[in-house]
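Asks: Place chain B on chain A using the hints.
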Amino acid sequence: DTAVSQTPKYLVTQMGNDKSIKCEQNLGHDTMYWYKQDSKKFLKIMFSYNNKELIINETVPNRFSPKSPDKAHLNLHINSLELGDSAVYFCASSQDAFFDTEAFFGQGTRLTVV
Amino acid sequence: AQSVTQLDSQVPVFEEAPVELRCNYSSSVSVYLFWYVQYPNQGLQLLLKYLSGSTLVKGINGFEAEFNKSQTSFHLRKPSVHISDTAEYFCAVSPSVGYQKVTFGTGTKLQVIP
Chain A
9 DTAVSQTPKY
19 LVTQMGNDKS
29 IKCEQNLGHD
39 TMYWYKQDSK
49 KFLKIMFSYN
59 NKELIINETV
69 PNRFSPKSPD
79 KAHLNLHINS
89 LELGDSAVYF
99 CASSQDAFFD
109 TEAFFGQGTR
119 LTVV
Chain B
369 AQSVTQLDSQ
379 VPVFEEAPVE
389 LRCNYSSSVS
399 VYLFWYVQYP
409 NQGLQLLLKY
419 LSGSTLVKGI
429 NGFEAEFNKS
439 QTSFHLRKPS
449 VHISDTAEYF
459 CAVSPSVGYQ
469 KVTFGTGTKL
479 QVIP
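The listed protein sequences derive, respectively, from chains A and B. Count along the first sequence starting at 1, add 8, and that's the number in this note's numbering. Count along the second sequence starting at 1, add 368, and that's the number in this note's numbering.
In isolation and in its complexed conformation, chain B is listed as follows:
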């Protein structure tokens, strides 16, 4: 079984400020990690994923995330946010073997303030 915890349901941040969205997971098996973004009234779009290798993963739109196995975390960061980054962000995990069965966190709403 696997689960994902996103402790912050909402994160307000001023435009051009840095942001970190937190994600912790638990799993009885090895997992792969993902961040998805959902803009209003749209489906989810993949931002980045960690499968193996370097623990620092770079994604689209200037986002990056760092996998920390000892802390079971996969926090998402961006050094300078834009108004257009306002959206819901979902952390997700999937077992590293077998069929893809993605488990999502409850999401963090990033609100960029002009």
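Bound conformation, chain A alone:
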């Protein structure tokens, strides 16, 4: 069983479109994250949710809106896609939101905006 699963794995879309990436974890964790990895492999946190509540929002444009219907799911909606949004997006989860808990990552969603 996959611990943290993301769909789709690949996503190619045109500028201006709206798209969503789904993430689910079956580990019973309380905290979930979205990270963005750019073309230079730089990995940066975007959001963190703990028990469905937003706890970290790293100055991400308003076009990005995470939604957590329950603590096992954290979906990422992106409106009006831009070329610069092309990246690999990783979902992750951890037991709780504090420093000493290991984060488990999904396999990533490669988003290409053309």
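Think of the hints as simulated: they come from the structure by calculation, not from any bench. The model shown is predicted, which means the values in this text are computed figures rather than measured ones. One or more hints might be untrue.
Said to hold, decoys possible - Short derived list, chain B residues pointing at chain A, Cβ under 8 Å:
{"id": "1", "residue": "Ser395"}
{"id": "2", "residue": "Pro408"}
{"id": "3", "residue": "Leu412"}
Stated by the list, open to error - Straight-line alpha carbon distances no greater than 16 Å define the calculated EDC-like cross-link-like pairs of lysine to aspartate or glutamate that follow:
{"id": "4", "chain 1": "B", "residue 1": "Lys469", "chain 2": "A", "residue 2": "Glu66"}
{"id": "5", "chain 1": "B", "residue 1": "Lys469", "chain 2": "A", "residue 2": "Asp104"}
{"id": "6", "chain 1": "A", "residue 1": "Lys49", "chain 2": "A", "residue 2": "Asp93"}
The C-beta atom is built at its ideal place from N, Cα and C for all residues, glycine as well.
Replies: What follows is chain B alone, placed relative to chain A:
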């Protein structure tokens, strides 16, 4: 604020040779340190972490890292590498208090040559 510097973007090494991947960090607060590995087309996996105690930390797959507070370094080492160790390695830090907010380095690609 915290940052992580991985000076080597690529490290080629022959199979069964030792390897050291360098990591330096800066932070205005006390931090915890991590090394993650990313195999091709996969998410990140935790190799090891330093929270407190002994400065020499042992992780999975025969890797170890040493925390050096005076030099603000957390270099990763392995005495004998295998082909299967070929991957991207990320050093990361997180503040030791408050919510987990991991900052990653830009990664080092370890290429093991047969």
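Asks: Are the hints correct? Go through all of them and say.
Replies: Status of the hints after comparison with the structure:
no.	hint	in the structure
1	Ser395	12 Å, violated
2	Pro408	11 Å, violated
3	Leu412	4 Å, holds
4	B:Lys469 <-> A:Glu66	10 Å, holds
5	B:Lys469 <-> A:Asp104	12 Å, holds
6	A:Lys49 <-> A:Asp93	14 Å, holds
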